[in-house]
Amino acid sequence: MHSSNVSTHGMAVAPHHLASQSALAILREGGSAIEAMVAAAAAIAVVYPHMNGLGGDGFWLIVPPEGDPIAIDASGAAGSLATLEAYAGQRHIPHRGPQAALTVAGTVSGWDEALRISRDLTGRALPVARLLADAIGYAEDGIPVTASQAHATASKLEELRHQPGFSETWLVAGEAPRPGSRFRQPALAGTLRMLASDGLDSFYRGPLAERLAQGMAALGMPITLGDLQAHRARRPGPLTLQHQQGTLWNLAPPTQGLVSLAILGITDRLNMADADDAQTVHRIVEATKRAFALRDAHITDPRHLDVDVQALLTPEALQPLADSIDDASASPWGRGKGPGDTVWMGVVDDSGLAVSFIQSIYHEFGSGVVLPDTGIVWQNRGAAFSLDPQHLLALAPGKQPFHTLNPAAARLNDGRVMVYGSMGGDGQPQTQAALFTRYILQGVPLQESISRPRWLLGRTWGQSSDSLKLEGRFPPACIARLRELGHDVEVLADFSEAMGHAGAIVRHPQRPCLKGRPIHAATAPPPGIKEQTMTTQPDWSEYLTQMTHLLDMELDAPRRKELERQFARIAAMAQPLMDYPLGPREEIAGVYKA
Numbered sequence: 126m127h128s129s130n131v132s133t134h135g136m137a138v139a140p141h142h143l144a145s146q147s148a149l150a151i152l153r154e155g156g157s158a159i160e161a162m163v164a165a166a167a168a169i170a171v172v173y174p175h176m177n178g179l180g181g182d183g184f185w186l187i188v189p190p191e192g193d194p195i196a197i198d199a200s201g202a203a204g205s206l207a208t209l210e211a212y213a214g215q216r217h218i219p220h221r222g223p224q225a226a227l228t229v230a231g232t233v234s235g236w237d238e239a240l241r242i243s244r245d246l247t248g249r250a251l252p253v254a255r256l257l258a259d260a261i262g263y264a265e266d267g268i269p270v271t272a273s274q275a276h277a278t279a280s281k282l283e284e285l286r287h288q289p290g291f292s293e294t295w296l297v298a299g300e301a302p303r304p305g306s307r308f309r310q311p312a313l314a315g316t317l318r319m320l321a322s323d324g325l326d327s328f329y330r331g332p333l334a335e336r337l338a339q340g341m342a343a344l345g346m347p348i349t350l351g352d353l354q355a356h357r358a359r360r361p362g363p364l365t366l367q368h369q370q371g372t373l374w375n376l377a378p379p380t381q382g383l384v385s386l387a388i389l390g391i392t393d394r395l396n397m398a399d400a401d402d403a404q405t406v407h408r409i410v411e412a413t414k415r416a417f418a419l420r421d422a423h424i425t426d427p428r429h430l431d432v433d434v435q436a437l438l439t440p441e442a443l444q445p446l447a448d449s450i451d452d453a454s455a456s457p458w459g460r461g462k463g464p465g466d467t468v469w470m471g472v473v474d475d476s477g478l479a480v481s482f483i484q485s486i487y488h489e490f491g492s493g494v495v496l497p498d499t500g501i502v503w504q505n506r507g508a509a510f511s512l513d514p515q516h517l518l519a520l521a522p523g524k525q526p527f528h529t530l531n532p533a534a535a536r537l538n539d540g541r542v543m544v545y546g547s548m549g550g551d552g553q554p555q556t557q558a559a560l561f562t563r564y565i566l567q568g569v570p571l572q573e574s575i576s577r578p579r580w581l582l583g584r585t586w587g588q589s590s591d592s593l594k595l596e597g598r599f600p601p602a603c604i605a606r607l608r609e610l611g612h613d614v615e616v617l618a619d620f621s622e623a624m625g626h627a628g629a630i631v632r633h634p635q636r637p638c639l640k641g642r643p644i645h646a647a648t649a650p651p652p653g654i655k656e657q658t659m660t661t662q663p664d665w666s667e668y669l670t671q672m673t674h675l676l677d678m679e680l681d682a683p684r685r686k687e688l689e690r691q692f693a694r695i696a697a698m699a700q701p702l703m704d705y706p707l708g709p710r711e712e713i714a715g716v717y718k719a
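The numbering used here puts the first residue of the sequence shown at 126, with every later residue one more than the last.
Hint data in this document are derived by calculation from the structure and do not stem from the laboratory.
Don't take every hint at face value.
Pairwise CB distance ranges, derived in the manner of DEER restraints [claimed, not checked]:
1) VAL297 to ASP448: 51 to 59 Å
2) LEU282 to ARG598: 28 to 36 Å
3) THR439 to ASP245: 30 to 38 Å
4) ALA343 to VAL432: 20 to 28 Å
Using N, Cα and C, we set each Cβ at its ideal position, and we do this for glycine too.
Build out the structure end to end from the sequences listed, making use of the hints.
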């Protein structure tokens, strides 16, 4: 049986337990869910650095206990030197290198904007230095390398080793680091210290911004100090879907939030509650094809839209799409948008304030470029632009690129509030649809909804084909039926990382209770421990292994004392009780990769 964590107070979920712990520490100190998320965002940038970081973009959905949600678009635009002429003679924008690092990094501006919202909502604020303290410590003292980071480094080594700053930042003696080995990021620690002392806005306007701009100029990146100074996070109105089960929200363009809501809007007009596995996959896949067509026809920088995107989510727009789905046959399918390496995290605090958040550098290691003396790897989100001047996504200075990122939230008719999301390019809206359908419509428990086999139509990181990919955990009869319906099925390994990480938190209003759980962890046990699915008890060996690595390091006395305290607490809980009561925290993710 798959059991969700349950809490009567706050809860945080993240793809790395150290990020969850950072968030929960802030909640225990009386911080808001927003402040806790900033702490988690900073920590995850350090402990899961190949998939996200300060050189990337971020998007927020903040859901107060009552009232409308607040969205934050913290994505950057193309630099002023990123012109079509600058890329003349090339067919595509490079995916790696300084020319790929062509958009301003917006994620830190999102942290700053979110903290302003937190102050407005709560009337109080924790110091930024406190929120960044864990991240600084992890960067300075080092963290055990996850299996995910080690694998990504090894698999991309020849592609990236000659990019500026890559080898110095990511390699050990010229090779990929071993899982479990200590990984320090002293330059990044210094950057985080500057943000803690000078304020988050200094990333764009201050000494840090000047350092970034100097590094960009030296590397030939098309971003200037003026581009950094001109950047501000925005608060666009979120997209809304009126579903039979409640109100659903997601991010407006330039994200693919439209896709996530359109899939659920289309399937809301089909009988999903009684669908078997094959019917569920088939109907959501067919809805996905139609939602992708909407995305590819319309989604771009919001200043360049040719349609009211909210109008695409009305009953009048969605019903014909639902009517066009044939339960007996798969429709033709083109190509997906491609990979996306991302982290989704969720936090809900004791007041009921909920946050759905996503942060990314696009491909693993982004552009591969690490800015001098900062430890910041810069995103390659600008690779989503086209060099065709007539294309919807044509490159232009000051234009935002298309984003696969889209954190989701819902307020259900029974009063429950749900924040949920995933990583994985084209897979994000599909995994969101699977999770929502299973949990809300089919009555599957939350953890089991996330843990059940996944599918993916199109491409994501590590996958270049546009087939319908199914995890091998699907029953053979389901796989055979989908092939009979005409789907080009490709079977992947059980718990394939290509399916990404996913998580959710649900707040129950009638009883002060939170349920939450992530799956497909970024952290990993020591080599030799096989894949395992969590039931009611976390695998404490992962905590013990991580803490042992940390305690073997040379640490200052205060940090050693704090780590020893955590180690003692965790060791005391490491007992073989299958019904061990889960407290107000995200204990550990649901699946580990050896």
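Practice task
List in ascending order the numbers of the hints, as given earlier, that are violated by the structure.
Solution key: Number 4 - this is the single hint that the structure violates.
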